[in-house]
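Given next are the chains, with one letter for each unit.
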Amino acid sequence: MSTVSLVLRAGVRDLLRSRWLLAYGAGFWAVTEALFLFGGSGQQVVLSLLNAMLLLVPLVALVFGTAHVHASREFTELLLSQPLSRRSVFFGLYLGMALPLTGAFLVGVGVPLLLHGAATDAPRLALGLLAASGALLTLTFAAIAMVIALGVDDRLRAMARALAAWFALTVAYDGIVLAVVSAFGDWPIERPMLAAMLGNPIDLARLLVLTSLDATALLGYTGALFRQVFGTALGPVIAITALLLWAVLPVFVARRSFLRRDF
Amino acid sequence: MSGRAWCGVGLVAVAAIALSAPLGAQRIVVRPGSAVPTLAVALEQAVPGATIVVTAGTYKGPTITVTVPRLTILGEGWPTFDGEGERELLVIRADSVTVRGLTFSNTGVSQMQDRAALRVIESRGCLIDGNRFRDALFAVYLQRSTGCEVRGNDIRAAGREETRNGNGVHLWYSPDSRVIDNTIRGQRDGIYFEFSDGSLARGNVSEGNRRYGLHFMFSDSCRYERNRFKGNGAGVAVMYSKHIVMDGNGFLDATGSGAYGLLLKEITDGVLVRNHFEGNSVGLLMEGASRLEIRDNDFRRNGWAVRLMADAEDSHFTGNIFAGNAFDVATNSRTLRSDFTGNWWDAYRGYDLDRDGSGDVPFRPVRFFALVVERHPEALMMLRSPVTSLLDIAERVFPVLTPALADPRPLMRTPR
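So the protein lines, in turn, are chains G and L. So in this note's numbering, spot 188 of the first sequence is number 622, and the numbers just go up one at a time. So in this note's numbering, spot 60 of the second sequence is number 159, and the numbers just go up one at a time.
Honestly, the hints are just simulated from the structure, not real lab data. One or more of the hints may lead you astray.
To be verified - Residues from chain G that keep clear of chain L, each with C-beta distances beyond 10 Å, as calculated: (1) LEU481; (2) ARG521; (3) GLY609.
What the hints assert, rightly or not - With a straight-line Cα cutoff of 25 Å, these simulated SDA-like cross-link-like pairs (lysine to any residue) come out: (4) L:LYS159 / L:ALA139; (5) L:LYS329 / G:ASP555; (6) L:LYS364 / L:TYR450; (7) L:LYS329 / G:LEU559; (8) L:LYS329 / G:SER475; (9) L:LYS341 / L:GLY285; (10) L:LYS364 / L:GLU293; (11) L:LYS329 / L:GLY347; (12) L:LYS341 / L:VAL370; (13) L:LYS329 / G:GLN477; (14) L:LYS364 / L:VAL344; (15) L:LYS159 / L:ARG130; (16) L:LYS159 / L:GLU175; (17) L:LYS329 / G:ALA599; (18) L:LYS329 / L:ARG310; (19) L:LYS329 / G:PRO557; (20) L:LYS159 / L:GLY246; (21) L:LYS341 / L:ASP234.
Note that this is a predicted model, so its numbers are computed, not measured. Cβ atoms here follow ideal geometry from the backbone N, Cα and C, with glycine treated the same way.
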């Protein structure tokens with residue numbers, strides 16, 4: 435376990451020196467601050483922040499994560515030449531990357547929240563869920579970045595794949611779901627729709643925050659099943675469980691490929 | 100008019116005052132255990148114009164019918180008429196009767212009749228003022244009565260399901276009525292107008308009723324002003340009427356798949372001004388509504404601010420505020436025959452180079468995504484997904500699918 439924490443600490447120290455990470459945290463800080471100052475009503479602030487979070491968090495985690503794994507390649511090889519367990523080295527590497535990213539996000543969003551939170555009429559629950567789902571998304575996409583970086587040695591290619599993954603999950607996935615809905619709208623597609631939402635962590639995070647806002651009423655418009663799932667406590671519980679699963683599963687995939695990989 | 104005639108008028112007036120004073124002074128006090136223990140006994144003695152004072156206590160017994168005109172029935176210390184879950188309480192079949200300061204409770208539920216705590220039948224000019232109604236199936240029921248006023252009553256029911264619940268203030272074939280400053284909670288419909296032309300509803304609070312806050316059918320030339328309708332099961336429905344004025348009302352928190360802040364169905368030549376629509380699944384739904392003037396209203400934080408069905412024609416939207424709605428305008432048709440001019444839209448991103456206060460680029464309030472949702476409600480799951488914004492942008496660049504509907508002069512600043 436101490437190996438994990440050692441590698442983790444090394445990774446964190448390395449990252450804290452990186453200007454990118456600081457820029458990321460500061461960027462979120464600036465966005466949140468600006469929204470609180472000029473964003474209108476509290477609800478509006480949450481919605482704008484949600485849009486920014488859903489686009490930026492996966493993008494930064496993927497791009498930054500991929501770049502970081504490649505950048506610390508030599509360090510990793512050096513570590514692996516030592517009598518250390520691969521598992522510990524992996525978790526040290528992963529957490530050393532994912533935790534600073536999560537931290538930067540939470541500081542960037544959290545500090546303005548603490549400063550202005552009392553003054554706005556923004557719903558507390560929604561803000562809390564937004565911060566929590568942002569943190570979970572960071573963990574998820576950092577792990578996906580590791581899978582990508584471990585699979586492709588070429589830096590440029592890995593970066594292209596990371597961007598492709600981002601595009602696929604943020605835009606293409608929803609586009610396909612929409613297309614399917616338009617094509618098969620006459621069939622009872624509520625259940626497949628719900629399943630599709632569970633299959634994409636970004637959609638899960640979006641619905642989780644939206645349902646904690648007044649938009650629940652709006653979603654309730656769509657039919658009995660959605661009301662049943664998202665109008666009650668059951669919806670958030672399912673969404674949070676699925677998000678947690680999404681945060682853990684890619685880590686295990688990444689671990690597997692790390693353990694099997696020939697460095 | 101000659102001096103002699105003036106004298107004649109004066110004499111008649113003096114005579115009228117002299118005659119009416121002793122009659123009007125008849126005052127009967129109802130007190131449990133006294134010579135006049137019930138209102139029914141008092142009514143046997145009463146002459147037209149009498150005042151009956153009902154003192155505190157609980158009064159049970161059969162339904163009481165008032166047939167003496169110009170009576171004033173006055174409660175002191177909130178006497179309670181208790182229906183013991185079995186009957187109507189007071190029926191008025193006389194003109195110009197005033198009922199004030201009474202508590203009516205517990206009519207029970209009937210599937211056979213529209214049981215009302217206080218029913219006015221075929222009378223003119225009654226005044227139902229400042230009473231309390233508790234757990235009545237129907238609280239005040241005006242039936243074929245003209246020119247009555249229902250004012251300042253406090254009506255509360257337990258909010259039973261629709262089929263075992265009645266309306267707060269129910270007007271049936273009762274023209275020229277006035278329903279003013281009442282508070283109504285937990286009934287089926289808060290206020291119900293049917294075949295009651297020329298009536299007025301003002302300053303009422305109708306909240307948490309199972310079906311509609313206000314339900315309005317076949318009643319032409321009515322006004323309703325400064326009422327507040329909040330959290331009613333299906334919102335407010337105004338149907339099959341002409342020349343209606345709706346001014347300064349609040350339509351709030353009507354949520355669900357069949358709920359509308361305000362549903363206008365087959366309404367023509369009406370005016371909707373200074374109303375506030377907030378937190379509804381659908382703020383304003385117009386179905387077969389035509390020639391309406393919709394001006395200076397606020398639409399805030401609704402799912403849909405306005406849904407216009409294809410058969411809504413010739414309505415004009417001006418000076419309205421659209422802010423924080425998921426969809427500003429939705430429609431099921433590509434051709435719309437209503438127009439929007441000079442409204443304020445929070446989604447407007449245009450500019451005003453000539454500084455005349457309105458944007459130089461028209462605003463198209465119907466989002467492409469709104470059209471998709473209109474056809475496939477399930478697509479609402481994609482609300483605020485980046486993909487929907489992309490679709491909207493694409494549609495803005497190549498408008499092929501959304502209706503030609505546009506506000507040619509969107510306001511640059513909020514009008515209020």
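Each hint tested on the structure:
1. LEU481: violated, 7 Å
2. ARG521: holds, 37 Å
3. GLY609: violated, 5 Å
4. L:LYS159 / L:ALA139: holds, 11 Å
5. L:LYS329 / G:ASP555: It holds: about 21 Å lies between the C-alpha atoms, which stays within 25 Å.
6. L:LYS364 / L:TYR450: violated, 37 Å
7. L:LYS329 / G:LEU559: holds, 24 Å
8. L:LYS329 / G:SER475: Holds, at roughly 21 Å.
9. L:LYS341 / L:GLY285: violated, 29 Å
10. L:LYS364 / L:GLU293: holds, 14 Å
11. L:LYS329 / L:GLY347: Within the cut-off at roughly 14 Å; holds.
12. L:LYS341 / L:VAL370: Holds. LYS341 (chain L) to VAL370 (chain L) sits at ~10 Å (cutoff 25 Å).
13. L:LYS329 / G:GLN477: holds, 20 Å
14. L:LYS364 / L:VAL344: With Cα atoms ~15 Å apart, LYS364 (chain L) and VAL344 (chain L) stay inside 25 Å; holds.
15. L:LYS159 / L:ARG130: holds, 13 Å
16. L:LYS159 / L:GLU175: holds, 17 Å
17. L:LYS329 / G:ALA599: Answer violated: LYS329 (chain L) to ALA599 (chain G) is near 46 Å, above 25 Å.
18. L:LYS329 / L:ARG310: holds, 12 Å
19. L:LYS329 / G:PRO557: Distance of about 21 Å is within 25 Å: holds.
20. L:LYS159 / L:GLY246: Measuring from Cα to Cα gives roughly 30 Å; hence the hint is violated.
21. L:LYS341 / L:ASP234: With a Cα-Cα distance of about 34 Å, the restraint between LYS341 (chain L) and ASP234 (chain L) is violated, given a limit of 25 Å.
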